[in-house]
Structure formats: structure tokens, C-alpha cells
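**Q** Chains as they are written, first to last, in the numbering used here: chain A, 1 to 281; chain B, 282 to 885.
Bear in mind the hints are in silico, worked out from the structure with no lab data behind them. For clarity, every value in this text was computed on a predicted model and none was experimentally measured. Heads up, some of the hints might be wrong.
With a straight-line cut-off of 25 Å between C-alpha atoms, the simulated SDA-like cross-links for lysine to any residue are [claimed, not checked]: (1) A:K96 <-> B:K780; (2) A:K85 <-> A:I107; (3) A:K85 <-> B:R597; (4) A:K243 <-> B:K819; (5) A:K143 <-> A:D171; (6) A:K96 <-> B:P873; (7) B:K780 <-> A:E266; (8) B:K819 <-> B:V745; (9) A:K39 <-> B:E863; (10) A:K85 <-> B:S858; (11) B:K819 <-> B:E863; (12) B:K604 <-> A:I107.
One side only, chain A facing chain B, incomplete, derived with CB under 7 Å [to be verified]: (13) D59; (14) Q153; (15) E155; (16) V212.
So the derived label-pair ranges between C-beta atoms look like this [stated by the list, open to error]: (17) B:L416 <-> A:P94: 45 to 53 Å; (18) A:D125 <-> B:A555: 20 to 28 Å; (19) B:G365 <-> A:E194: 32 to 40 Å; (20) A:H174 <-> B:N551: 18 to 26 Å; (21) A:V11 <-> B:S464: 30 to 38 Å; (22) B:I752 <-> A:D43: 20 to 28 Å; (23) A:V11 <-> B:I814: 23 to 31 Å.
Note that CB positions come from ideal geometry on N, CA and C, so glycine has one too.
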Amino acid sequence: MHVAREGEKQVGRFWSLLFLMVPVLGVLVFVFAASPDSKPFLDHWLPLNINEQGYVIDDLFMFILYLTGVILIVTGVVLFRFLWKYDAGRNSEPVKYVHGSHTLEIIWSILPAITLLFIAIYQMDAWAEHKMRRPLLEDGSLKPALAQVTARQFEWRIRYAGPDEQIGTPDDIHVVNELHVPVDEDVVLQIQSEDVLHSFFLPNLRIKQDLVPGMRQFTWFHANQGGIYDLVCAELCGWGHYKMRGRLVVESREDFDAWLSEMAAEQERTQPEPAADGEDE
Amino acid sequence: MSDEAAAEQADEHADHGAHKLTLGGFIGTYVFSRDHKVIGLQFLFSTLLWFLVGGLLALGIRWQLAWPWQNMPVLGNMLFSAEGGQISPEFYTTLFTMHATVMIFFVIIPILAGAFGNFLIPLMIGAEDMAFPTLNMLSYWFMWPAFILIGASFFQAPYGAGAGWTSYPPLSSVVTAAPGSESAQTLWLMGVTCVGIASMLGSVNYLTTIIQMRAPGMTMFRLPMTIWAMFITAVLQAFALPVLTAGGFMQLMDRLLATGFFVPEGLMVNNGEALSGGGQPLLWQHLFWFYSHPAVYIMILPAMGMVSDIISCFSRKPLFGYKPMVFSISGIAGLGFIVWGHHMFVSGMNPGLGMVFMTSTMMIALPSAVKTFNWMGTIWGGKVQFTTPMLFAVSFVSMFIIGGLSGIFMAATPVDIFIHDTYFIVAHFHYVLFSGTAMAVFGAIYFWFPKMFGRMMNERWGKVHFFLTFIFLNGTFYLMHVIGTVGFPRRLADPYHYKTFAHLQPMNQFITICAIGMVATQVIFAINFIGSIFRGPKVGRNPWRANGLEWMAPSPPGHGNFDFQPIVYRGPYEYGSPEVDEDYYPQIKPPPEDAPDAVAGPEE
Numbered sequence: 001m002h003v004a005r006e007g008e009k010q011v012g013r014f015w016s017l018l019f020l021m022v023p024v025l026g027v028l029v030f031v032f033a034a035s036p037d038s039k040p041f042l043d044h045w046l047p048l049n050i051n052e053q054g055y056v057i058d059d060l061f062m063f064i065l066y067l068t069g070v071i072l073i074v075t076g077v078v079l080f081r082f083l084w085k086y087d088a089g090r091n092s093e094p095v096k097y098v099h100g101s102h103t104l105e106i107i108w109s110i111l112p113a114i115t116l117l118f119i120a121i122y123q124m125d126a127w128a129e130h131k132m133r134r135p136l137l138e139d140g141s142l143k144p145a146l147a148q149v150t151a152r153q154f155e156w157r158i159r160y161a162g163p164d165e166q167i168g169t170p171d172d173i174h175v176v177n178e179l180h181v182p183v184d185e186d187v188v189l190q191i192q193s194e195d196v197l198h199s200f201f202l203p204n205l206r207i208k209q210d211l212v213p214g215m216r217q218f219t220w221f222h223a224n225q226g227g228i229y230d231l232v233c234a235e236l237c238g239w240g241h242y243k244m245r246g247r248l249v250v251e252s253r254e255d256f257d258a259w260l261s262e263m264a265a266e267q268e269r270t271q272p273e274p275a276a277d278g279e280d281e
Numbered sequence: 282m283s284d285e286a287a288a289e290q291a292d293e294h295a296d297h298g299a300h301k302l303t304l305g306g307f308i309g310t311y312v313f314s315r316d317h318k319v320i321g322l323q324f325l326f327s328t329l330l331w332f333l334v335g336g337l338l339a340l341g342i343r344w345q346l347a348w349p350w351q352n353m354p355v356l357g358n359m360l361f362s363a364e365g366g367q368i369s370p371e372f373y374t375t376l377f378t379m380h381a382t383v384m385i386f387f388v389i390i391p392i393l394a395g396a397f398g399n400f401l402i403p404l405m406i407g408a409e410d411m412a413f414p415t416l417n418m419l420s421y422w423f424m425w426p427a428f429i430l431i432g433a434s435f436f437q438a439p440y441g442a443g444a445g446w447t448s449y450p451p452l453s454s455v456v457t458a459a460p461g462s463e464s465a466q467t468l469w470l471m472g473v474t475c476v477g478i479a480s481m482l483g484s485v486n487y488l489t490t491i492i493q494m495r496a497p498g499m500t501m502f503r504l505p506m507t508i509w510a511m512f513i514t515a516v517l518q519a520f521a522l523p524v525l526t527a528g529g530f531m532q533l534m535d536r537l538l539a540t541g542f543f544v545p546e547g548l549m550v551n552n553g554e555a556l557s558g559g560g561q562p563l564l565w566q567h568l569f570w571f572y573s574h575p576a577v578y579i580m581i582l583p584a585m586g587m588v589s590d591i592i593s594c595f596s597r598k599p600l601f602g603y604k605p606m607v608f609s610i611s612g613i614a615g616l617g618f619i620v621w622g623h624h625m626f627v628s629g630m631n632p633g634l635g636m637v638f639m640t641s642t643m644m645i646a647l648p649s650a651v652k653t654f655n656w657m658g659t660i661w662g663g664k665v666q667f668t669t670p671m672l673f674a675v676s677f678v679s680m681f682i683i684g685g686l687s688g689i690f691m692a693a694t695p696v697d698i699f700i701h702d703t704y705f706i707v708a709h710f711h712y713v714l715f716s717g718t719a720m721a722v723f724g725a726i727y728f729w730f731p732k733m734f735g736r737m738m739n740e741r742w743g744k745v746h747f748f749l750t751f752i753f754l755n756g757t758f759y760l761m762h763v764i765g766t767v768g769f770p771r772r773l774a775d776p777y778h779y780k781t782f783a784h785l786q787p788m789n790q791f792i793t794i795c796a797i798g799m800v801a802t803q804v805i806f807a808i809n810f811i812g813s814i815f816r817g818p819k820v821g822r823n824p825w826r827a828n829g830l831e832w833m834a835p836s837p838p839g840h841g842n843f844d845f846q847p848i849v850y851r852g853p854y855e856y857g858s859p860e861v862d863e864d865y866y867p868q869i870k871p872p873p874e875d876a877p878d879a880v881a882g883p884e885e
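Okay, chain B solo, but in the shape it has when bound (with noise of 0.2 Å):
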């Protein structure tokens, strides 16, 4: 099965049920495809693109942190010829925030939900395409408009939108508030708006086609966990996302319309007219992080499933713990609803409350355990090939404990008092969602690689990409816990006018200086990931020796995914399995004459 000639491939794309998914010609091919692999790679192209803004974004706030107000080489006369060279203080706010609003809701959810979630669930449960393709198509031409509305609020004169990614109210909802992002600061709602209806249309999609298109055979309980992380993402994002929605509504009617939901009665910003009011800036906080909490799971969730698959492959050994892990991410999931209150232990909430949201907050870690447990387990007593993917799943799970650790210095509320808003908090986040999520997502790249042209990334080059990331993001992010535990605050444009921190800038020139190095190593991904569609060798249908459905298919899957109909007999992660000669064995693979119906299976 896995060495099969690619010619048939050629044909492939011609007929089996192409007529159905494409508009026909090259714009109804490409653009604007029904397919779902079309979608996931546009969906993958783009975010690539954004985090490579993302990036940028963020070593303007390295730079500003190591050498404030000083003239950027080369770029600053380019970029701020107006500040004399300078980032000023009013684009400093705009670059943390953008740097923020890009990696989220540009990058890490749609690579993860869009990207994988597209491309990868129709050929995991082994369906021809998702249930609703138009819909799908949607979900992807819906980022555009908040591609638009974002990018146009960056350039926005004199600044752009300068409220944060979490946009807290007054500050983001009264003009006067801000008076230099008056129209940025609303196209910036706008387009996070869009974001959510895109991530929604997405969702139910996703969750009708993992329940209702599965292949024959292919129970809740053989699903890969990059299919149960998908199923239970997708769960979050159509429960929570409506509240984000209608949070961004009102602060935009706040804004244009006046009404006041988050304004106090009377206020008066800035020498602007008293407001009518009447509402409460921390509603906002409650409704957003009601979202945005749920959405750090949703931003990690879906990594989680791709690493156990791609851990259990690279162990050759069955998934430790395939029950408990799927509950521990439905656990995750549960949990993750009511845990928002610890983004604002010190926002000025009933602090009764933050007993509760602590208790609640802690028991997550319970989950996070039990999984990082399971990968490790799954490691134990196999036979562990340290290729590309492999060293990034490992590095996600050895960097996850180190977030998920310094996550319990927050939870505990008296320790959050201090460490609130500092560099502490910028250290942990980063640790879940790049050491943790891109590393994951890089290794996921790598994994699905072949599937998705039909070629190999360069197994070298990925290593010294691995490499070189894997020192300089640990460079970056582990000293800022550092400068964190001095108090170092978040979002200031020039800390070291403070006595408590001045004497920080040395450290925070080496992290910039490691994050330049991080950013500069991801060049070698470019070149790899664009060369190798063209120039990598070509690989049959399984290179990984796999047993997952996709696998199956042939490399590229043409349009309808399979060149015949997928019947499952067993779990995905039979590995070594002694029931077969090889060392893996396949979730299509018909069981032995003798033996019982899928003995192997991890649930019988």
C-alpha cells in the first residue's frame, strides 16, 4: 500500500467527484475551492505569511525594549522618518497590539482550526470532503475582510489601534480615550468581528462532518487525537465565540453609537464630553476573556492532538492512554469554561471570586498533567526516530511543562498580585503558545508535509531549523520569568525610567538579541518548506510508516481523497502491534483470517 506508483495520482485529479467540489477552471480550482485541502493550504499560506508580520511586529517591541528610543538600523528612517527614526510611544502601543491580534487571530487559530483542521479531518476519518464545502469555502474568504479591516487599521493616520489585543474598555470604547486610533480602533472591532464569524462557520462545519461523515468502522473511540482535539476545539469555538461577538457589537455601538454598555455614567476622558453611561468597564473583561479563555485552548488543543499522533508514530509504540487522553482534553475543554475569572484576579472583581476562579484554575492543571504523563509513557519502551517531527512534538512537551508550571505561580492569587501584568505572564504565555503551539505547529509542517504535495521537506535543514529555534526561543522567553520576577511590567514603552527596573536593560538586550536569532532561523524554514514543494523528492502514499487513514489516500489526495472506500478495523495508533509482521499496522488493514474482528483495537 505505502509505495504506490504516483501516476495513478495524475488521474486522480480529474475525476472521483471533482465535478461536484470545484467551480471548474483555474480561479474555481484554486481561489475560490470547495476542497477541503485547497482551503487548508490557502488557510496555511496565509497565516505563514501573517506570522511572518507577527514576527516583525514583535522584534519592534524587542527593540524598543532593549535600546529605547533609539534609531532603528536602516529601518527606522524607513519606517518612522516622521519620529526622527524613533518608535514613538503612541506606535509602540499599536506594535504590542498588532503583534498580539496577528499571532492570534491570524496565525495560531486559523493554522491550527483552519490549516490542520481542513486539511487534515475529511482524510483522518476518511471522508471524501467536509459535509458543507461552501460553507467551508466561506470560512476561509471570511479572513479576508478581516485581513483588510486589520492591515487598513494598521496604517490608519497618525496611529493604529494602540487598546491591546484584549481592547479593555473605557480606553478602547471612548474616542477621546485614544484620540490618535479614533478609526483604527473600530476597524480593529470590526475585523476581529469577522475573525469570529470565519472561526464559526468553520466550527459547525467540522463538528457535522466528524459526527456524521466517518468512514465505516471508524467509531468516536478509533478517532486519532488530532481528530478528538479538532472535535472538541470546534466545541469551544461554537459555545464560546458568540460572546466575543456580541462583546465586540456592543463596544462598537459604544463607539459609534454611544451607548454606553462599558462606560461608567459621567465619565470624562481626556477632556472629552461627560458620557451618558450608565454600564461597566468590567463587563467587558467578563465577556471577553469568557471567550478569550476558552480560546487559549483552543490555540493549544488542537497542537496536543497532532503531537500525541506524531509521538506515538516516531515511538512506534501504541498511544499511551488513549482513553484518558481524550477525556483529560474534554476535561480541558469543561474546565476551560469556567476558569476565565483568573485573567482578572486584580481587575477590581468581587475578590470572593477570585477564590473560586483559583480553585477552578488549579484543578486544570490536573488535566495538563495527565496528558504530558501519557506522551511521556508513550516514549517509554519504544523505539524513538528523532526525526524533524519528532523533535519538535518532543520539544512541545518538554516546553509545555515548563508553561503549564510557571501557569501555577498565576493561578495562585496572592502570587498573581505581583507578578500580574509583568514579564512573568508574557514568559508563560509565550511558553504555551509558541514554544508550546508553533513549536507543535512547525512539527506538524513537517509531519503532514508529504501528504500535502506529495514531497519531502529536507530532513537536515529541518534539524538545524530545530535546532537553532529551540535555543534561541528558550534565549527569549525563559529569561523574561527573570526580569519578570523583578516586576518588569508588560506594555511600557521605556520601563527603565522606574529605579525598580533600570537596571534590566542588559537582559532584555540579550532576549531581543535571541529574538532577532529566532526570527532570522525561520529563513531556513522559508526556504525549506518553498523549495521542497518544487525541488523535494517525491514520496509514495505512508513515508512515516503510519497508520492513520490520510496515509492511505495518495500523496497529493486527489479531489474526493480516496481512490477507494476506507473501512476501518482499529485504532490509530497499533504500533508494534504483534499481530502483524511489520511495525505498524494500519487502520484499514483487514485483520488476519484467524483472528477475531480487531482484536487490537485499543477500546475491545
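Excised from the complex, chain A in its bound form (with noise of 0.2 Å):
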């Protein structure tokens, strides 16, 4: 018993201080990562949102964040308070004599299981903006795709339809890691993996959907500013996963239409007999 009170009676307050650094510079290390331009953590924040539906999960993130955030201070104070008023150095008072609290324990369940629910409940509208109403037409059929991306070891292959407007025909326009899509439309992708699983992962979009050989899958977007972004493999894939790279472009529904038929034309002209010509009507 010597030994397990040797030293005791001053360093309680260090140790609470230690504790209570926990909730305090946890909480600094978000705010100056949020703020924009604070110098060590430069851009060390959600990369910019171009997507029209991925706003609401930057809201979510940050509503989760101040929740939790403000979690975090009270308890992580109310630790400190309680190790730093108990420290057995210097309360001099008896120990509190009590196996708990029925009131207490109906509270601390309560409380957490309505924010809970709350939050599992207000959720659930942009969980299926993303995952479960895929855009319509305007007669109310489903937007078809307008291309489908095909994940393999290590790469991405593209094909957007030809002249007959079907993707699976032989007319389709091949291309390899380069994403085109025009700017402020609805964009469906049919994505699929053809061998191992993939992760079809655009972190400007919100977007991220794992890639399963033999099914085939949806996703959309509506992109609202152009530019040229990251398409990341987020699901290991095999030794060459880091290396997965593929670029997205968004840009105006001009361009894009000009970039299609050059790359249409471009293959023509990689084919030996040009004589698929005439089968375009």
C-alpha cells in the first residue's frame, strides 16, 4: 500500500491539466483546420464541392462536427473538474457513498437515444437523394447513362455511346482513365468492375461507390462548376491499387460534345477498314 500512494499529492493537478488538454486542443486542431487559410493546415479540410447533392453531406459533416464537438467539451471538462476537485491529494472530504442513480441513468439514456435517432432519422433523405432516386426523364423513365466505366486491375475504361446512342454496341467510344462529363446536367454512370472490387471514388462529388464483379451499378451526380478532378480507386484492388489514377473533366456541354467526336474520330482513324462508316443511319 507504500507504494501505491507514493507521490500522489501534488501531481493530481498535472495529470487533470493533462486531461483537460484532451477537449481543448482537440477542438482547436478542427478550427484551425476549418478556417480557410490558417498556415500549417492549409487545405487540410473538405476538398471543394462541386456536386449539387453533395452539399447536404458537407452540411451533415459539419452538424456531426459541432455536435460532437460540443460533446466532447463538456465531458472532456467535466472529467477534468471531476479528477481535479477528487484528487484523493487534497479532498478532504469522505467519499460519496453511492452505487449510482436510476434518475441519472434514465437521462443519460434518453437524451443520447433521441439525438441519436434524430440524427439516423434526418439522414436518411440524403442518404437516398444519393443512393436510391436515380434522376428521371422528363416522361418519367430513368435517365439512362451516359457512359459506363469499367473498373479492372489497374485502370478505368470508359465508353460513351456512338451514333446509335446505345452503350454496348460496337459504334462505342473507348477511353481510358479520362472522364468527360458536361457541366450543370444531371450525369447517371452505369459503373461495374470486371474482376476484383474496385471503388469508384470522386472526392470533389461526394461520390463513392464500390464496384462488384457481376452486378451492375448506378450513380449520379450533378456537377455544377467545371474543371479537371481526381478519380480515385478507394478500394484495394491489388499491388497496382495506389496507382489507380483516373481524371475527371467537367466542362461545358460544347466542349464536350467537340471532345466526343474528336475522340470518336480518333478511333476511326485507328481502325484498319473505315468501312463502319455506313452503317451510322
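Mind docking these for me? Both chains are given alone in their own frames, and the hints should help you get the complex.
**A** Written out as C-alpha cells, the structure reads:
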């Protein structure tokens, strides 16, 4: 028992303050990271979002961040307060001989339950928007895919419909690792894998969908800003996983159409017999 | 009781039930021992050694993320001479696969259930030994095939298993998908299956022992939280493990017999032959997470139990809300079986299921919150002694709050779309598993060390160890939340060629430096641990003035544990009871003549 008590008289304050640092620094790190021009944390925040349906994800992220930040501060400060006040070296009052409190247990069960149920229900609409409500055409039918993206070890193969407006026919236009989409339009993509699992991750569009061989999957978005963005594989797919990089080019409808016909022309040139022209009707 | 002479302990070793628990001789006593304490220590030493291996593997990962393709000083040429001192991308996949495999299957699960479960269960319930000593011995020795198989997989040329610890097919089940790890992946699967068998043998034993062998008076609601947690953990293992074992065999057959459980029809990978298939890759994910999500609780519930005991002891105050604590552990375990889908929100699973799993996952935060508030309630109004075990236990609470709160981000399906498979998740589970469980394990080692070896660990160096680990682990893991917020993906050997992530390298270098500091700090622990076994100051039975039965046995306890028949009169948390003069009231101390029997027990 002598050993257990050694050197405990003064150090209680030090350890209490150390635990107080957890919520203080924990919140400060996020404050710095979120502020737009803090030096060591420059751009260490959610990357630019250019997807109309991505804002809701950022908003939910911030909502949970504020909520958890408050909880972190409150619980951290309470823990600090208890350690500080009830330090054996300084607390001369007798120990409170209690075994619990039924009322408190009820309160701190029901409050988190209500909060969490609220969060869960509050999120469902955003989830449905991303994964369940595929954009429709004006006549109410499902909007067809603009392109088919096939992941394979370790590249993205992309095919656009040729003149027959059908994907999967011989006149398709093929590109590798470069996905062009028009800006300010609902874009639907059919995404799939032909070998192992991959994940179609567009950080700037808040899109992520694992690709499962044997399944046909769809994803959709509405980009509102042109530019060149990263297409990342986010599911381990083998040794070359890290280099499975694609480019997403968001451009105006005219530029997109021009690029597509340029790609079509280029593809024609590489074919040994340009006889396929006649079948375009 | 607490200061009884150590002299009789020597005799203790020789008599009291020794004949039926050992096979005799050095080998029978210390190697193939059936004594739960020896088996517990065998688990402890094995897992601590693997902890070192897992930590070094983590540094390999951190090196690559801080200075990709750079020659590691000194080590680079020794380890990777064939690649000119670089970590090759193949080896990088092996690094993170093995880091997770070693840490989960060889460190956290066996150190909690194997080391502490074995050592503490009979002592804390007042039993001579486990219900099935031979089975208990086998549960340790089934770890060895796993050690050997997975160790061998690491050294298979050209490179080891590289499909991640989750081993998702088709990458893991189609041989041509990862040509370099052909036999390594097979050995890895066999090894994990052996770990499953070992855990299975252990869990059956723990359940039987806790139900059948409690000392007179030790009702279920007088069990320490550690034992409750071990009990619930054993239930989880017994019911969830068969699913993983079945899944593991199916994947083995996919690899060896081309059964195609997890492979769709006609799949061709890497120009290999088309597979007849007919299976579904998602099936594995369901089977795997049906075990591995409960396994997440297997990896934290015992830590929660031990932390409850330590906090109550060093607050010198009864545990706040004993029964709510028991119910919340059971609640976590029950809910743990219906939340596995939250690992699969973006996997391609029916998105409608995502909503169901989101709701059940959110609910699991509720019992976790109850536990946290009860730990704080225990400290409230006590007399806190800042011993090394207490510091680790309080840091568990503090860090578990962070790990729990960051879990809410992932449970929210829309937010998970963005942060899934990023460092935000890596931060989250390291807060739960390292900052949580591993810190609790350190606390438990400092706390029960006197019982294990009859000597104290050095308190001063223990506090230095705590302080440095605490600083470095936050420097390492907290900032991973920040880079995760940018979307920094996991498992990429070189993420900096993406322009979204190129500017994150300095932050990763800082994280790596903290990680190196954290691993280096453990040298202090290793020296303190080994040194104290031989040179620590000797102590009596109850150096912490605690209530539990284990503190009434000699330190270290001989074969058969107790030199008297323990009879239990009350729960284990009667600190500061007005009935007695001391600030503790051991479970075996008979109540004063005039008081009604066991009036102070929490249940009465």
C-alpha cells in the first residue's frame, strides 16, 4: 500500500490538466483545419464540392462535427473537473458512498437515444438522394447512363454511346482513365468492375461506390463547376491499387460534345478498315 | 489479510491441487501447463512479442506514407535489398495486411481474452482453476499453428498476403488476382482459422467456468465488471466465430478447389482463365462482418470491464451504476449482432439496408454513452489516486469518448459515403483499439502485475511511459481525422500523385514522427516490465487495497489459487463503506456481527 500512494500529493493537478488538454486541443485542431487560411493546415479540410447533391453531405458532416464538438468539450471538462476536485491529495471530504442513480441513468440513456435517432432519421433523405433516387427523364422514365465506367486492375475503361445512342454496341467510343462529363446537367453513370473489387471515388463530388464484379451499378450527380478533378480507386484492388488514377473533366456541353466527336474521329482513324461508316444510320 | 508473509507461497506451489494441474517436470509446469495462470502468462508474453512486431510493421507503413519510395535509413538495405532499399508496392500491401492481422488476431483478442481472461477469471470468481484445464492448454497451443502459418505467409516469396485483413474476394480468393501471394494468402487463411479454433476453445471454457465454478456467495450480480465483460465476450465469440470459420473454409475452397462461393460466373482476372463461379463477392463481406463486427466488441468489452475495476479501486468509491453497466455491456453485445452492415454502406449492398443498419448503429452509441457517464460518475465524489493504472484507465475513458464520437460520422450513411475507406476511419478505429483497448491493457498490466509476479512495476517509469505514450498517440491518431476530412484514402502506397492529396505529405511526416516516438516509448515499458519481474519490490497480497477475490490469494498465487475457501459476502466495489473503518471492504470479509448479512451489496 505504501508503494501505491507514493508521490501522489501534488501531481493530481498536472494529470487533471493533461486530460483537460484533450478537448481543448481536440477542438482547436478542427478549428484551425476548418479556417480557410491557417498556415500549417492550409487546405486540410473537405475538398471543394462541385456536386449539387454533395452540399448536404458537407452540411451533415458539419452538423455532426458541431454536435460531437460540444459533447467532447462538455464531457472533457466534466472529467477534468472531477479529477481536479476529487484528487485524493486535496479532497479532505469523505468519499460519497453511492452506488448509482436511477434517475441519472434514465436521463443519460434517453437523451443520447433521442439525439441519435434524430440524426439517423435526419440523414435518410440525403442517403436516398445519393443511392436510391436516380434522376428521371421528363417522361418519368429512368435517365439512361451517359457512360459506362469499367474498373479493372489497374485502370478505368470508359465507354460512351456512339451514334446509335446505345452503350454496348460496336460503335461505342472508348477512352481510358479519362471521364468527361457535361457541367450543369444530371449525369448518370453505369459503373462496374470486371475483375476484383474497386471503388469509384470522386472526392470533389462526394461520390463513392464500391464496384462488385457481377453487379451492374449506377451513380449520378449534378456538377456545377467545370475543371479537372481526381478519380480515385478507394477499395484495395491489388498491388497497383495506389496508381489506379483517373481524371474527371467537367466541361460545358459544347466542349463535351466536341471532345466526344474528336474521340470518335480519333478512334475511327485507328481502325484498319473505315467501312463502319455506312452503318451509322 | 493484505500483508501476509510471502514465505508460505513457496510451499503453496508444491501442494494444494498441484498434482492434478501439472504434468510434472519443467515442461509440464511451464510449457504444456494446464494451470490457468501459466497459460495466461504464456498468452501475455506471446502477445506482447507480437505487439512489438505489429508496431514495427506499422512504422513501415508510416515510413512509406511520410517519405514514399525513399530508402529507409539502415533498415532499407537490410530488408529490401532486392528493391534497392525501397518498400515495393507489393510489400506495402503485405505490410498493412500483416499489421492489422497481427494486431487484431495475435495481440488484442488474445491479450484480452487469452491473457487476462485466463489469469483473472478463476481468481476473481474464487475458483481453483478453469472448468476444463486441458482444453485451456489447447486454446493456447492452437495459437502456435496460427503464429507459424501467418509468420510463414509473411516470408513467402515473392511477397506475403496482400488482400488486407478483411481479405475481400475476388482479390483474395482468385489466385491470379494477386499473383505474388499465391501460397501466402492460403497460409494466411489457414492461420486465421486456427486463431478462430483457439478462441472457440477458450470461450466455451470461460462460459462454463463463470457459470459453474463461482465461489459460495458469488452471485452473478456480485461478479466484477471484468468477469461480466469476459462472460459477454465469450458469448460473442461462441456465437459469431463459427460464421467466420465457415467463411474461411469457403474461401480456402475457392482458392484450392475452385468452388466459386465468392466469385461471379465467367470472371476473368488478370488474363487468367474464366472461372465457373456462380457466387457473390458480397457474401463474404456479410459473413466476415457478421463475425468481425462482434469482434470489434470482443476487442473492447474486456477492456471496459478492467477499466471499471481500476477506476473504482483508485477512486476509492463504489462503481457508479453497477447494473446499468452490466446491462449496457449486454446491450452492446446484443446490438453488436445487428450492425455489421455499417461496414458495407458503400459496398453495393441494397441501399435500403443501409438505412436499417444506420439506425441500429446509432443505437449502439447509447450503451456506450451510459458506460462513459457511469465511469465519470464513479470518479465524482471519490478520492482519486493518480497511480499508473488509474492514469491509463482514465485515458481510456478520455480517448474512448473521441473514438465513440468519431463513430457517429461513420454511422451516418451520407457522411460515410465521403469518409469511408479514408484516414478518418483509420483514426476512428485506432482511437478505439489503440488509445482505448491498448491503453486499458497497459493499465491492467500495471494493475495486476503484482498479482502475476508478486512484485511491483516501477511507478515513476510507469508514469513516464504513460505520459509519452499519451502525447504521441494523440499526435499520431488525432491528426488522421484531419487528413481523413480531405478524403485521404487508406491502403495507398503513394497517395501524393493525386492532386487532391499532394499537399498532405508534411502532415503525414509529422504523424510518422509521432508514431516513431510512440513505438520508441514502449522500450521504457519493456524495460520496466522485464526488470520488475526480477527486481521489482516484493509486495503482499493486496498492494492496492482492493476488494476483489484475486487480491486475497497469495501473490503470485500457487496452483489451486487460494489457501482457504473463499466465501463471498458482497459485491466487489464496496470502497468507502461506512460499515468498516478502512476505505475498502473485501468481498470475503464477513460482515460485523450486528449488521444484517451483506447489507452493503449493490443488489440488496
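**Q** Which hint numbers doesn't this structure obey?
**A** 1, 4, 7, 9, 13, 15, 18, 21
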